[in-house]
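Participant: Bring the two chains, given one by one in their own frames, into a single complex with the hints.
Chains A and B supply the protein sequences, listed in that same order. If you use numbering that gives the first Met the number 0, the first sequence closes out at 219, no skipped numbers anywhere. If you use numbering that gives the first Met the number 0, the second sequence closes out at 430, no skipped numbers anywhere.
Honestly, the hints are just simulated from the structure, not real lab data. Every residue, glycine too, gets a C-beta built ideally from N, C-alpha and C. Possibly wrong hints are sitting among the right ones.
Quick partial rundown of chain B residues pointing at chain A, CB under 7 Å, derived from the structure [as the list claims (entries may be wrong)]:
#1 G11
#2 E13
#3 V159
#4 E161
#5 A228
Mimicking DSS-like on lysine-lysine, the simulated pairs with C-alpha atoms at most 27 Å apart in a straight line are [said to hold, decoys possible]:
#6 B:K232 x A:K121
#7 B:K93 x A:K72
#8 A:K83 x B:K115
#9 B:K34 x B:K115
#10 A:K83 x A:K204
#11 A:K8 x B:K14
#12 B:K167 x A:K121
#13 A:K121 x B:K115
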Amino acid sequence: MIEYDECEKRMVLKLVYYGPALSGKTTNLLQLHDLLQPEGRGDLMVLDTKDDRTIFFDLLPFFLMAPSGLRIKLKVYTVPGQVKHDATRKAVLQRADGVAFIADSQRSEITNNFNSFQNLEKNLGFVGLDIEHIPLVVQFNKRDLGGIVAEEEVRRVWNPSGIPVFMSSALHGTGVLETFVQLADRTYEHIDSRYGLAGNHGLDKHMFLSQLVRRRSDYS
Amino acid sequence: MNLTTEIEFLVGAEKRLTDVLDEAQTQPLLNSAVKAGVGFAAIVDDRGVPLWSLGTHQPLPIPVEEDWDATCRLLLEGEPVGAVCLIRGQVSSKGCGIMAHLIAEALNSIINNNLKRMLTTEIHTRVVNQSYDELLESNRRLTESEKKYRDLAETLERRVQERSGELKRAYARLIQQEKMASVGQLAAGVAHEINNPISYILSNLNMLRRYLGKMASMLEHYRELHASAGSEKWQELKLDMVLGDAGELLDQNVSGAEKIIQIVSDLKGFSHVDDMGESAVDINLEIDRTLGVLSREIPGDARIVKEYGDLPTFEGNAAQLCQVVLNLLRNAFQARPRGLQLVITTEHKGENIRIRFSDNGPGVPDDIRNRIFEPFFTTRDVGQGTGLGLTVAYDIVTGYGGTIEVENRRQGGAVFLVQLPVTGGTHGQLR
Ligand SMILES: Nc1nc2c(ncn2[C@@H]2O[C@H](COP(=O)(O)OP(=O)(O)O)[C@@H](O)[C@H]2O)c(=O)[nH]1
Ligand SMILES: [Mg+2]
Numbered sequence: 000m001i002e003y004d005e006c007e008k009r010m011v012l013k014l015v016y017y018g019p020a021l022s023g024k025t026t027n028l029l030q031l032h033d034l035l036q037p038e039g040r041g042d043l044m045v046l047d048t049k050d051d052r053t054i055f056f057d058l059l060p061f062f063l064m065a066p067s068g069l070r071i072k073l074k075v076y077t078v079p080g081q082v083k084h085d086a087t088r089k090a091v092l093q094r095a096d097g098v099a100f101i102a103d104s105q106r107s108e109i110t111n112n113f114n115s116f117q118n119l120e121k122n123l124g125f126v127g128l129d130i131e132h133i134p135l136v137v138q139f140n141k142r143d144l145g146g147i148v149a150e151e152e153v154r155r156v157w158n159p160s161g162i163p164v165f166m167s168s169a170l171h172g173t174g175v176l177e178t179f180v181q182l183a184d185r186t187y188e189h190i191d192s193r194y195g196l197a198g199n200h201g202l203d204k205h206m207f208l209s210q211l212v213r214r215r216s217d218y219s
Numbered sequence: 000m001n002l003t004t005e006i007e008f009l010v011g012a013e014k015r016l017t018d019v020l021d022e023a024q025t026q027p028l029l030n031s032a033v034k035a036g037v038g039f040a041a042i043v044d045d046r047g048v049p050l051w052s053l054g055t056h057q058p059l060p061i062p063v064e065e066d067w068d069a070t071c072r073l074l075l076e077g078e079p080v081g082a083v084c085l086i087r088g089q090v091s092s093k094g095c096g097i098m099a100h101l102i103a104e105a106l107n108s109i110i111n112n113n114l115k116r117m118l119t120t121e122i123h124t125r126v127v128n129q130s131y132d133e134l135l136e137s138n139r140r141l142t143e144s145e146k147k148y149r150d151l152a153e154t155l156e157r158r159v160q161e162r163s164g165e166l167k168r169a170y171a172r173l174i175q176q177e178k179m180a181s182v183g184q185l186a187a188g189v190a191h192e193i194n195n196p197i198s199y200i201l202s203n204l205n206m207l208r209r210y211l212g213k214m215a216s217m218l219e220h221y222r223e224l225h226a227s228a229g230s231e232k233w234q235e236l237k238l239d240m241v242l243g244d245a246g247e248l249l250d251q252n253v254s255g256a257e258k259i260i261q262i263v264s265d266l267k268g269f270s271h272v273d274d275m276g277e278s279a280v281d282i283n284l285e286i287d288r289t290l291g292v293l294s295r296e297i298p299g300d301a302r303i304v305k306e307y308g309d310l311p312t313f314e315g316n317a318a319q320l321c322q323v324v325l326n327l328l329r330n331a332f333q334a335r336p337r338g339l340q341l342v343i344t345t346e347h348k349g350e351n352i353r354i355r356f357s358d359n360g361p362g363v364p365d366d367i368r369n370r371i372f373e374p375f376f377t378t379r380d381v382g383q384g385t386g387l388g389l390t391v392a393y394d395i396v397t398g399y400g401g402t403i404e405v406e407n408r409r410q411g412g413a414v415f416l417v418q419l420p421v422t423g424g425t426h427g428q429l430r
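Just chain B, with the same shape it has in the complex (with noise of 0.2 Å):
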């Protein structure tokens, strides 16, 4: 007879107490219980079926009582499935209690290493029983199968991965999306509600300048007029200081309102809430705007090198490159925060435009360098960032079809490397 049986194997299927027990391992317990005078010994199942038994005959079923006690209960995972049910012949109740106890006890253990042999050998076992010819062809087809069914786990296993993979960068997305509007909101805000006000200090103090001019003017008049007599008071109020420092006072006045002015229309050019569409954007304009943005982060010791290359305009998101050259110089920033020395450099290669970012901090390591895109990835400590910048620029510049990498120097730091395809852009003029 040729007969394949196979074992699937599932932790938790059901099995029965025959599953379990066999009657190479109940007799000699219940023979032994008969030896010591007991008058007839059985394993019953939940019903009270005898399963394997010895001794005197007995009506069967047994009747299953209310409540069998409790200690001569087998258990299979847990739940009571039969009962070692021992009937007097010569011995004391009590005696026969103990010793069901006894063999319910030995039988309990038996059952659990059972199960946990049988858990063991099964998994991914096959028993075949078949003869030698079709024992190779079965395996001939098994393996064929086995293949089969590695390679469709191995791409179900990718497949979820991918999925889940898409998942994470998708909400990490969203994340910077509210993010970046929220920022462009306060920014728009605060640049609306400073650039009324700076832009009359700026044309008052313009102005007050030239009334100063006039009123020097005057007094230089009235002392040729009358020399002998203002000369006195001229000296006492030291006004050749004065109308020199209210100057210069005026001057210094006018550069750091100008700076100011600099500073929110930088922020709100950074934000982009004007075009949130896609545009012409001069790369390295855009990188200097982000650093002044960014100018109180930035370590007071660090060294900043620009090399700029003569860049085409790119067809993109200005608001999302800012965010991707933000991320880098961040990330730059708390890599070294003291002894910065960062060179960014930018250049035209064939279809590509590059942007390096070089720093001289303590690189990465080689086994997370696959990792540092993933979302919520972070070396740093809690609250010094999500660990998602350098994902947000991940994606960003492979959603343009452009590439991040990332390197170690030899003399020591990393090189973060961003290249975009120009795609669209035309050469040095904007559309």
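Just chain A, with the same shape it has in the complex (with noise of 0.2 Å):
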């Protein structure tokens, strides 16, 4: 958590794209941006890549505002998958609330999947968190793509661990905002107890959902 301040009545959660360099997260995040309305989120800022040496990432901000008059502030990054930029996905993992880890489905980025899901249980561990409980979910992107990782193998591997896989094709929009929402689930299930949200703000995990995503009418 970024931030809590009981006085101001004021909440800053983060949540991070994780992945290979290429997989999609700054896709997810348009999508995103596309598929929600833009009332309760911000602008997607996009720092740009192409003359900016140190940091790449982007970020889509959410508004919350919970009934004892909490307002939450979700912040939403992708880091860099490059494996020079280790440093910056240290940065952008701090005091994350929740991780998605977007994979390449295509058969040659198998490798890059693996290293980058090792290089997040190591970086979690630097800046203090835990992959056995930091609320974690798995997207299998570019299904639409031949030369893929077929799904039952990709369960195959991914089930035991217990974790949540979706499988999706952010360029195209689907699959993305149900790895979100679980996401959003499973955040709103790990600091629920801890500051009372249903208990001491009357927001619920239902409204806490229902305040993040607004699909468009269009679109639903």
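Facilitator: As structure tokens, then:
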């Protein structure tokens, strides 16, 4: 959690989209931005990667309000996937409340996915978070392409871990909301009891999710 | 004044408009608006309080309009945190709007750039404002604590790595145990079903052979008694050939049935459905059994040379041992499907039993040699294997306090060397 100020009634949460370079993290945020109503969210901030050598990440903020008056800001970040940007990844992961791991389904990317997931485990440890406990979901993106790892293969490998896995084609907007909703759901579960979201602030999970995910009517 | 300010870098830390904009950046823009004839120009925060302003004084704060024209909003990380507010002097309201929009656009790009710059330069930066001596002292402390921090980080990384490695291995073991259990059940079932019928087939065949002998000698007897009458018929029915062939057919059936019985017993032995615990294991025998079970997977033109030494029995679980042998054999078969030459050597050396598999396959490239025992690491196509075989072998062997290594032979091919401590095994005698 980035910040919790009881007197000011502010809470700032952070979700991170992690994964290898070009797996579709930015595309996920672009789609969220397009699929959801402008109400309750900010604009997508894409830090251009071409001329900036140090920081590459994207940010999409959401703004929620609990019946108690608690204002919750939820910042969704992507990390740069390239190996050399490890310092930035650590800084982005710091105090994260939940992580979506975006894998590239193409068979040629198996090793990159594996390395990136290991890097996630390592960096979570580095910033004092625990892979066993932090809310985590996995998305296998680019299902629309050929030469991809079969779904049952993916499930065979991941199911025993208990981590929810989603198949998606972010480019076409499928699987994007499901991934986000599940991540938000798990994140809520994780912080609810500690901060009394339901008990003290009257914000139950349904309300939390429906404020966060307001689909544009023409998409539903 | 000695003041140390530490900026701890955290992506996402909340920032205010005044953190990312300052007077030097806002003033020229407001100035140009006033010069163009605007009566009052201000940058206000989200409550309408002017942060920077220029021109004829206005009552403060400026009332926040319900929805400020979106085009003159200032955004910080996508969130509206303020606005450009121009109050018309001699400028038309349309002109004011355009100007406010232009200024907001310029400021938004300045905000973005400042934010980027802050994020960049703040990574791991400390601002130290101290006298030189104190600077040196704090530098020394900094180095010290940085070292501590680094040590901590390093052990942390290692611990996380160890832990995730353990988890993966435990997972691999689980999968494999489950597989072995089902193979064992299947084998037991098949063995049970086949054992009975094949046993009476074999004993009936033996009985039949004896009956046939009797009938043959009876026929001989008749031929001698009635030489003239019988001889023609004898020739016609080719009984010389029939009697000879019948015996041979029966012999072949008997040896076929015996082979089936052997396979069933190998299968039963291999799956060790009867003993899942530890016992005295004859490693040479288990290798032969495993080869027997794998016989269909052995490439047709493969040459397998066995160089077995005299081994003490090994205290352990025979099923697990077979699993190690099976995985290493499979690995060799897949490494060289054509023209495989595999030498299996066993020897007793010091406290260890050594089992060596040398093949003439392509060998293991240097860069992956450390990784081939990792779970799910495979260089083969999907469907050829789970990438768990070598991991399982590794786990079992290290579980007994042994080692498993791979090396390339100078003349090409790989050598997998398994070393198992004899612990508890007694030389040459079963207990
Ligand atoms: N075919 C296909 N391409 C995708 C999909 N998602 C992303 N891409 C493409 O993959 C490339 C990298 O995407 P981007 O979101 O920038 O990856 P990032 O590095 O993880 O942020 C872009 O060319 C995207 O258009 C998908 O679902 N299907
Ligand atoms: Mg990106």
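Participant: State for each hint whether it applies.
Facilitator: Verification of the hints:
no.	hint	in the structure
1	G11	holds (5 Å)
2	E13	holds (6 Å)
3	V159	holds (3 Å)
4	E161	violated (11 Å)
5	A228	violated (77 Å)
6	B:K232 x A:K121	violated (91 Å)
7	B:K93 x A:K72	violated (35 Å)
8	A:K83 x B:K115	holds (18 Å)
9	B:K34 x B:K115	violated (31 Å)
10	A:K83 x A:K204	violated (38 Å)
11	A:K8 x B:K14	holds (17 Å)
12	B:K167 x A:K121	holds (15 Å)
13	A:K121 x B:K115	holds (26 Å)
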